[in-house]
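J.: Based on the hints, put chain A in the right spot on chain Z.
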Amino acid sequence: MVYRPDGLQQERTILAWRRCALGFVVISVLITRTALVAGQPVIGVAGLATIAVAVLVLRLTMRRRPWRRPSATPPHGLAVLDDGRLPALIAGVAMTLCCLIAALVWLA
Amino acid sequence: MSPAATIAPRGPAGRQAYCCAMSADEPVAGDRRWPRSVYGHGDEPDPRFSLANERTFLAWIRTSLGLLAGSLAVHLVDLGRYEGVARAGAALLAVTGLLCAAQAWRGWARTERALRERRPLPSSRTGIVVVAVVVLIAAALAVLSVWG
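Listed in order, the protein sequences are those of chains Z and A. Position 85 of the first sequence, counted from 1, bears residue number 85 in this note's numbering, the numbering being contiguous throughout. Position 102 of the second sequence, counted from 1, bears residue number 1102 in this note's numbering, the numbering being contiguous throughout.
If we strip away everything but chain Z, and leave its shape as in the complex, we get:
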C-alpha cells in the first residue's frame, strides 16, 4: 500500500499555525511597549509572557514536516492538533490579551 499526500491541506494548516504564532509575537510586543510607555509594567510583563505561547506553537509546527511524497508506510506526526487542548489554550490566551488591552486602554 502506498500512502499519498492529499493536496496541501496539511501544509496549509501548518502555515496557518505559524502565521498565528507570529501574530501572537507581534501583538505581544505591541502590548508590552504600549504598556511600558503608559506606565503599566504589570500588563507589559503579562503581554510579554504570551510570547511563550507563540514559541510553543512554533515548536509544535516545526516538529511537523510537510508531507509531499508518497510513502510505503503511514507517516507519523503530521497533525498539529491532537485534541481540543491547544485550541482552548490559544483562545484563552487571545481572550486574556483582549482583557489586558481593554484594561490598558481604559487605565491609560
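Simulated from the structure, these hints should not be mistaken for lab results. Bear in mind the structure is a predicted one, so any value in this text is a computation, not a measurement. Mixed in with the good hints there might be a few duds.
Said to hold, decoys possible - If you only want the chain A side, here are some residues facing chain Z, beta carbon under 10 Å, derived:
#	residue
1	R1033
2	W1034
3	V1038
4	E1054
5	L1058
6	R1062
7	L1067
8	L1068
9	A1102
Said to hold, decoys possible - Which chain A residues stay away from chain Z? Per the calculated CB distances, all over 10 Å, these:
#	residue
10	L1079
11	R1081
12	Y1082
13	E1117
14	R1118
15	S1123
16	G1127
17	I1128
18	V1130
Where is the CB? At the ideal position from N, CA and C, for every residue including glycine.
T.: Quick look at chain A alone, frame taken from chain Z:
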C-alpha cells in the same frame, strides 16, 4: 490509486485508510481526547474537513489579534477634545476581539462535533457583529479626523 489519495470512506474503514496515515500514533480504542463534548460523539470525519475547521479556528484567532492591534492603534490616535471617543472605540475593538476569540473556540468545537455527527455545519452571527463594529468605529474616526 491508494485510499489515502482519495476522499476517505466514512466510519472506521475511512479512519484506517486515511486518518492513520495522518496521525498513525493516535489510538482508536480508549479515546481520551478532550473535550468529550466533541470527541465523545459520532465517529471520525474526513481529516481534510478537520484541517479546514482548524484553519477556520486560526482565522478567527488572527481576526481577534488584528482587532487588538487596531485597538492599540485607535488608542494612539490623537483626536484632541474627542479623546473619549478614541478611548471608547479602542475598548470596543478590544471587546470585539474577545468575542472573536470566544467564537474561535466555540465555532471550532461546534463544527467539529457537527462533522463527527454528519450534521449540517452550525452558523454564527459573530461575523456580522465584527463587521458592524469595525464599520462604526472606522466611520466615527473618519468623521472626527476630518471635522473634529
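J.: Could you check that no beta carbon of chain Z comes within 10 Å of the beta carbon of G1127 of chain A?
T.: Holds, since 17 Å exceeds 10 Å.
J.: With 10 Å as the threshold, tell me whether R1081 of chain A passes as away from chain Z on beta-carbon distances.
T.: holds (17 Å)
J.: Taking C-beta pairs only, is I1128 of chain A more than 10 Å away from all of chain Z?
T.: I1128 of chain A is indeed farther than 10 Å from all Cβ atoms of chain Z, at 19 Å.
J.: Verify that the Cβ of V1130 of chain A lies farther than 10 Å from every Cβ atom of chain Z, and report whether the claim holds or is violated.
T.: With a cut-off of 10 Å, V1130 of chain A remains clear of chain Z, as the shortest Cβ separation is near 13 Å.
J.: Taking the least C-beta to C-beta distance, is A1102 of chain A closer than 10 Å to chain Z?
T.: holds (6 Å)
J.: Hey, does E1117 of chain A actually stay past 10 Å from chain Z on C-beta?
T.: At roughly 16 Å from the nearest Cβ of chain Z, E1117 of chain A sits farther out than 10 Å, so the non-interface label holds.
J.: Answer holds if the nearest beta-carbon of chain Z is closer than 10 Å to that of W1034 of chain A; otherwise answer violated.
T.: holds (5 Å)
J.: Would you say S1123 of chain A is clear of chain Z, with no C-beta pair closer than or equal to 10 Å?
T.: holds (19 Å)
J.: Would the stated hint for R1033 of chain A survive a check requiring a Cβ distance to chain Z of less than 10 Å?
T.: Cβ of R1033 of chain A sits 4 Å from chain Z, so the hint holds.
J.: Any CB of chain Z closer than 10 Å to the CB of L1067 of chain A?
T.: holds (8 Å)
J.: Holds or violated: the hint that V1038 of chain A contacts chain Z, with Cβ atoms closer than 10 Å.
T.: Constraint on V1038 of chain A satisfied, holds at 6 Å.
J.: Can the hint on E1054 of chain A be confirmed by a CB-to-CB distance to chain Z that is less than 10 Å?
T.: Holds: closest Cβ of chain Z sits about 5 Å from E1054 of chain A, inside 10 Å.
When the structure is compared with the earlier hints, no violation turns up for any of them.
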